[in-house]
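Student: First to last, the sequence lines map onto chains H and S.
So that you can map any letter, position 13 of the first sequence is 13 in the working numbering, and since no number is skipped, the others follow by simple counting.
So that you can map any letter, position 121 of the second sequence is 121 in the working numbering, and since no number is skipped, the others follow by simple counting.
A portion of the hints provided could be inaccurate.
Capping the alpha-carbon separation at 20 Å, the derived lysine-lysine pairs in PhoX-like fashion look like this [what the hints assert, rightly or not]:
hint, chain 1, residue 1, chain 2, residue 2
1, H, K4, S, K79
2, H, K53, S, K103
3, H, K121, H, K36
One-sided and incomplete, this derived list gives chain S residues near chain H with beta-carbon spacing under 7 Å [claimed, not checked]:
hint, residue
4, G13
5, T40
6, C42
7, P44
8, D69
9, A73
10, E97
11, L100
12, N101
13, V105
14, P112
15, F115
16, C131
In short, the hints are calculated from the structure, not lab data.
Positions of the beta carbon are idealized from the N, C-alpha and C atoms, including for glycine.
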Amino acid sequence: MNTKVKVIPCSGIGKVFGLMAREAVLKTVHELCPDKSETVCLAYIVTGDKEAKEKIEGCDCITVDGCPKMCASKNVLITGGIVKEAIKVLDTVKEHKGKQFGTPTQLDADGKEVINEIAVKIAKKINEIS
Amino acid sequence: MSELKVGLLSCSGEECLGGTISRLATRKVLEELKMVGTVTLCLPLYLAGGEEERNFAKVFPTISVDGCDKLCAKRSTEKYSGKISGSIDVSKIIGNENALNTKTVRNEDLEPEHFQMVDEVASAIVKAISCISPDSCSGKTFRGCSCGGE
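Chain S with its partners taken away, still in its complex shape (with noise of 0.2 Å):
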């Protein structure tokens, strides 16, 4: 029987805000806003040889998530796993001054701004996964993340 399932890859930045915001909406999506069976992929396995993760973005569709320009994200799962089906720039929904602060990165540094922030990314995720056809999420089943997670 095929599931529905859709991946959802962080950047996660450790940089600056973008990274952080980009994390917490794509988690939010996999905690709250659940649609479609949503899996989050550990984008440094990519390289350190995550054949799973590379093989579910070949097989299901993945919607990048950046934090800033650079799409990482984006082009690293372009690289290894072929076209992706969305993708969203934080730094386009919160501003690049906002998404490239190197001061506020840390969770416990976060204010009630920041989580409407994260709230607007959300949204942003959601309405790229309902972009979706329902036809390209079905696929083989996915166990998750191979670092453990949903």
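Isolated chain H, as found in the complex (with noise of 0.2 Å):
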């Protein structure tokens, strides 16, 4: 059985925070933590597909949203994921007050800075779960 945490992302196109969402995610999984960690596709997992329930069904997840409709962390749940820790990226936001991240296409310095931060929180919450 794959006991790998689930992290998953909202990869929201509308603000850059989505965006930072994604590329936390993305740096953690495949940087940080790739033999504790995997993400799986939240497209596919609101599609309701058996296949796509099935890999997340009664598994460990982590959530990454970049707005407060907490979408990743809504269909995961509905989904049957256990969410372990919903992260939202305006937490780590609210530090880095008058500094600009980028655009939803594109991280600039300080947007790469705080992604660094949130894949070190996820990071940290992998290790305790698992």
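Hints given; two lone chains; assemble the complex.
Tutor: Pasting the structure below:
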């Protein structure tokens, strides 16, 4: 059985915070915790396909959302994932007031700095629960 | 007064390169290749209760942009909002092997060849938009994606 922690970002396309969620998660699963974590396409989860459901149902998940709508967290819960931590990008962004993070297409240097911080938070949680 | 609007709904899949290309091509059309008033719609909001997203796709023509042949964006849009006006399967443009590449997914890992793929997909989106009847682009005012984007 695949016991890797599933880390799922919202990847919201309208604001930079969606990109930050996406890039922070990808940094975590590709670089920081590749042996303990993996991501699952949120769009696939949204389809409600049986196979998509089987990927996360009953699994430990960490969600990362870029806006208060909390789409990643809600969709994972609806599909049966166990959300161990629902990370909000804005919580970290608040600690960097006045900085420019980039656009929904490309992160600036400050944006990259913040996603590194978020990735470390995700990795810490992964190490706690795995 | 009616506005010209077309919705673009990208899968933005996180598991493979196709998702990244779908996202970047959608953004490119939105930012650089303005033809009519294009807006992006957040796919996850469809299931999380985004009535505004669902209603937009019912009223305005919407084009899905999917990174692989699972066609998640297309199927979800049709499930919640009815028939869509166009569908782009990125894997058919850049090839299945590229689309399903799970190693190169992050923006920072992209090479010039990947941005060439973005351009090709963006061109396909523009072509799909141009195939939509102008009459079907007129509708009520829409304020944009609920997550705050354009």
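Student: A separate judgement is required for each hint: does it hold in the structure or not?
Tutor: Hints versus structure:
1. A hinted pair counts as satisfied when its Cα atoms are at most 20 Å apart, and K4 (chain H) with K79 (chain S) does not qualify at roughly 31 Å.
2. At roughly 24 Å between alpha-carbon atoms, K53 (chain H) and K103 (chain S) are farther apart than 20 Å, so this suggested pair is violated.
3. Among the hinted pairs, K121 (chain H) with K36 (chain H) is consistent with the structure: their alpha-carbon atoms are about 15 Å apart, no more than 20 Å.
4. Restraint check, G13 (chain S) versus chain H: the minimum CB separation of about 4 Å is within 7 Å; hint holds.
5. Below 7 Å, beta-carbon pairs count as interface contacts, and T40 (chain S) has one with chain H at about 5 Å; its hint therefore holds.
6. Here the hint on C42 (chain S) is kept, as its CB sits about 5 Å from the closest CB of chain H, short of 7 Å.
7. The closest approach between the C-beta of P44 (chain S) and any C-beta of chain H is roughly 4 Å, which is under the 7 Å cut-off, so the hint is satisfied.
8. Contact between D69 (chain S) and chain H, as hinted, is not supported at the beta carbon level, the nearest pair being about 12 Å apart and thus beyond 7 Å.
9. Against a cut-off of 7 Å between C-beta atoms, the interface hint on A73 (chain S) holds, since the closest Cβ of chain H lies about 6 Å away.
10. The beta carbon of E97 (chain S) comes no nearer than 18 Å to any beta carbon in chain H, farther than 7 Å, and the hint placing it at the interface is violated.
11. Taken as an interface hint, L100 (chain S) does not check out: its beta carbon lies about 12 Å from the nearest beta carbon of chain H, beyond 7 Å.
12. Among the interface hints, the one on N101 (chain S) is violated; its C-beta lies about 12 Å from the nearest C-beta in chain H, farther than the 7 Å criterion.
13. At its closest, the beta carbon of V105 (chain S) sits 6 Å from a beta carbon of chain H; the interface hint therefore holds under the 7 Å criterion.
14. Look at P112 (chain S): its Cβ only gets to about 15 Å from chain H, farther than 7 Å, so that hint breaks.
15. Restraint check, F115 (chain S) versus chain H: the minimum CB separation of about 11 Å is more than 7 Å; hint violated.
16. Annotation: interface hint on C131 (chain S) violated; nearest CB of chain H at approximately 23 Å, more than 7 Å.
When each numbered hint is compared with the structure, violations occur for hints 1, 2, 8, 10, 11, 12, 14, 15, 16.
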